[in-house]
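Dock the two chains into a complex; use the hints.
The residues making up each chain are set out below.
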Amino acid sequence: MIKSIIIAGFGGQGVMLMGKIIAESAMLDGLNVTWLPSYGPEMRGGTANCTVIVGDEPIGSPVVDVPDVVIAMNIPSMIKFEEMLKKDGIMILNSSVIDREPSRKDIKVYKIDANKIADAIGNSKVLNMVTLGAFARVTGLVKLEMIGKALEETFAGKNKKLIDLNLEAVRQGMNSVS
Amino acid sequence: MKMLMKGTEAIAEAAIRAGCRLYFGYPITPQSELTEYMAKRMPEVKGVFLQSESEVATVNMLYGAACTGKRVMTSTSSPGFSLMQEGISYMAGAELPAVFINVMRGGPGLGDIQPSQSDYFQSTKGGGHGDYRMIVLAPHTLQEAANIMGEAFDLAFKYRMLVTILVDGMIGQMMEPVELPEWKNIEELKEPDWALTGAKGRKPRKVTSFDLDPYELEKMNLRYQATYKRVAENEVRYEEFKIEDADIIVVAYGTMARIVKTVADSARKEGIRVGLFRPITLWPFPYERLSKISQNVKHILTVEMSYGQMIEDVKLAVNGKTNVDFYGRSAGVVPTPMEVLEAIKKIAR
Chain A
1 MIKSIIIAGF GGQGVMLMGK IIAESAMLDG LNVTWLPSYG PEMRGGTANC TVIVGDEPIG
61 SPVVDVPDVV IAMNIPSMIK FEEMLKKDGI MILNSSVIDR EPSRKDIKVY KIDANKIADA
121 IGNSKVLNMV TLGAFARVTG LVKLEMIGKA LEETFAGKNK KLIDLNLEAV RQGMNSVS
Chain B
1001 MKMLMKGTEA IAEAAIRAGC RLYFGYPITP QSELTEYMAK RMPEVKGVFL QSESEVATVN
1061 MLYGAACTGK RVMTSTSSPG FSLMQEGISY MAGAELPAVF INVMRGGPGL GDIQPSQSDY
1121 FQSTKGGGHG DYRMIVLAPH TLQEAANIMG EAFDLAFKYR MLVTILVDGM IGQMMEPVEL
1181 PEWKNIEELK EPDWALTGAK GRKPRKVTSF DLDPYELEKM NLRYQATYKR VAENEVRYEE
1241 FKIEDADIIV VAYGTMARIV KTVADSARKE GIRVGLFRPI TLWPFPYERL SKISQNVKHI
1301 LTVEMSYGQM IEDVKLAVNG KTNVDFYGRS AGVVPTPMEV LEAIKKIAR
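First to last, the protein sequences are chains A and B.
In case it helps, this note's numbering puts the first sequence at residues 1 to 178.
In case it helps, this note's numbering puts the second sequence at residues 1001 to 1349.
Simulated from the structure, these hints should not be mistaken for laboratory data.
Built from N, CA and C at the ideal position, the CB exists for glycine as well.
Do not rely on the hints blindly, as some may be mistaken.
[Unchecked claim] With a Cα cut of at most 30 Å, we get these calculated DSSO-like pairs of lysine-lysine:
1) B:Lys1345 <-> A:Lys86
2) A:Lys161 <-> B:Lys1002
3) B:Lys1269 <-> A:Lys149
4) A:Lys161 <-> B:Lys1346
5) A:Lys160 <-> B:Lys1002
6) B:Lys1269 <-> B:Lys1229
7) A:Lys143 <-> A:Lys3
8) B:Lys1346 <-> A:Lys86
9) B:Lys1046 <-> B:Lys1158
10) B:Lys1242 <-> A:Lys149
11) B:Lys1040 <-> A:Lys125
12) A:Lys3 <-> B:Lys1345
13) B:Lys1184 <-> A:Lys3
14) B:Lys1345 <-> A:Lys160
[Claimed, not checked] Using C-beta positions, here's what the derived DEER-type ranges look like:
15) A:Pro58 <-> B:Leu1212: 50 to 58 Å
16) A:Gly140 <-> B:Tyr1238: 38 to 46 Å
17) A:Lys160 <-> B:Gly1271: 51 to 59 Å
18) B:Asp1131 <-> A:Ile75: 31 to 39 Å
19) B:Glu1233 <-> A:Gly140: 24 to 32 Å
20) B:Arg1289 <-> A:Lys149: 41 to 49 Å
[What the hints assert, rightly or not] Looking from chain B toward chain A, a few residues come up when the C-beta cut is under 7 Å (computed):
21) Glu1176
22) Leu1180
23) Met1338
Extracted from the complex, chain B is given alone in its bound form (with noise of 0.2 Å):
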């Protein structure tokens, strides 16, 4: 059955269905619904909501949540996201899995509360030190979303990794019909071998990101990078929307990629034939497919809702095979359909 949702609440209802069943975070907005749906919700299903004193603090209970292999998330919006990332980089080196959802808002600094797209370049190279990855999963609707969240724990479970939920304030705060998924039954997932349970009975176990040895941290750092190479080559995930006989590519993901679907078939309706290339996964970033469908269109358009920065992908993967253009907004400012199509139009004289 279908249900009226806003998105931060089917984004927490899914998580639960997923079996998560331990919640720390603090409200910020534009994500406090899901926080505040995650207080009422976990005593229901007999799981922990706990609201911590800072994202510092956070992270950090994550962390050590994390350690239990069980599964764990948080949620944030952007300026509790940056507050996270050295607890984020520790948790990458320690190879723990968890989820985080960044519903980002206009930045930098407090900036304000409504959608922005411009904590691209703070996930998927890393907000925080050390040579480390996370997945970025970019979902476009409220049934995406949704649907994503089980893909998400799995994601972070098969590889050890942490994965990022990146939408923005839009995709958050607005409603649309969600059919929610399957609930998982907890008591069927396996306790990882790595997991900290106490060592009764066993061999003590450890987690950690530290080896003073700068050989044995390099044999750790190989490994990550082992991983994350596993990753890349096997985990890539994208949307083509009417690329067929387009003669002009427009790149972009979340929020944007549906204002675009829009846009293109007003387009069409003019005669310019405009498809959508959506990347999925942010990291790994769809780079061969891009290169590889920009070879036949004259033009790549990247639309952001910021000032370019997944363009820089975007101009990787086409490494000059085509014109890679830009329109953007940023700072809580959503292009709207009318302003896309104009940009694209500047491009098609």
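Excised from the complex, chain A in its bound form (with noise of 0.2 Å):
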């Protein structure tokens, strides 16, 4: 099994970290990952998208064509990579920011309220952590537990309560989406 994800939004909406958390909670629950950032010219307000691999066999290219899945967190990243996505594949949108269809029909769409759900936790930068929450119930491509285990490495050293903070929008994430 390998699958592959592209995450993309404006800068500053957390894509980055948002793929870093899957690739690394896929890592610690025995899988293969590849995380690979869109390094060019970024800035915030501009486009990012990372791609991340997850399988349990070797991966070789971390370059992909086709990708299993699609988390869109503005409209020009919903345009951009649709047309890329696999038959059958999933779409993850930010429903906060998009308020458009996808033109495919041959996709499965899940709609994310994301930085309403954020916001209503108290704190709206944790709207990539809402979508997580979804994008790990919808794929089960990875585990709450491994999620938790990510980000306590991922904020060593920081105060608890920012990790409890962005689990608990994990959760509601997950939550949103039946």
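As structure tokens, then:
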């Protein structure tokens, strides 16, 4: 099994971190992973994306033509990566920002009101973790327990409240999709 | 324990564990994280981190430090590597061991910051002046990059040669799980008998690439050549992937090689038997082995993130025994698995 995920959005929406937590959680679960960032002249407000591959076989190419999953956090990202998505592939959309439908009908679409859920938790920055929770529930590729460990690793030395806040966002994201 | 690390960080940490305590560098994308990591880490291991004013200064700091017989290194990306070439030639002439990391980006000139493999000529054929060689290692995963650092220093000291780790921006910027190599005990590293350590109580030593008498300079050059011959005989490294029954062998290194591994699997699903031959030492290039395996295949396809540089060595190895084709993109554009598969299908038809 090898699954590829492209995560894209505005710079500042936390798409790189979302990808890193997915990769790290899968690694902690014993899987092979690669994380590849777009590293052009990126800036806050511009678009950024990363490609994550997880699998139980050795991973060759970290570059992907046809992703299994696309997580789009804004309209330009949805438009850019929609056409690449595999037939019957999964598209997770941040519906707080994306107010339109993808044009393809041969994909599975999940809409997450990520900004609204994050605001309700009390920190608008955790919209990426809300979306990550939805991704975990929808794909089953990463487990909550491992996400917790990956967050502890990433925020090592930081306030425990920060980890709890992020984990709460993941949980609520999971619950937002059925 | 495996850690999720960036390529630049894995290389830096592995170098420290391999006994490197002297790092000189100047930041340049896509390898600035390596410089940054060294800036943070070197003081923690009682090492020296020095950011120079330019790559020209960096290579000369490296020259001076290497004279003391310690494990020294620098890291840069293509335009910076160009600036270092004069010093590299001097160091090669002075038979100094040192490790260079070149995280290649699109060129020529200022180019861009995306991955590329267009410094193959510069690294393997000599970007500086004179009859010199450097050992060039091309890892294709972050684990291999971490593992190869210790070997790079060992080879540099064994042969008194420069070693370049040639990777591209993708290996520099991506993350992968890495099991870091064991720590080398630097107390156990022997001081070479040529090291300049102050001549107190012993005869002075001299490290130089210079002799005005051509017959004396020729002797030095013949010594270099003898070393290069020994390296070519003993240190060739390569990997073969599914070549036993292959009709088409793809030759690729670094990032391109790992993309080709994926492509070989997809091609086989479509009934095209594809294998990969991956040089790990770009110099010395595995001419002999490639020559041997090319006898039994219909096609050799060289795939590079350049417009055709390694293919010249591939053609030397194959020497007309079979067809040698090429597919490549450069300037920071990375060929995708599908593009490479298309190139293979074209040949298979």
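Violations among the numbered hints, reported as their numbers in ascending order: Hints 3, 4, 6, 10, 13, 14, 18, 19, 22 contradicted; others consistent.
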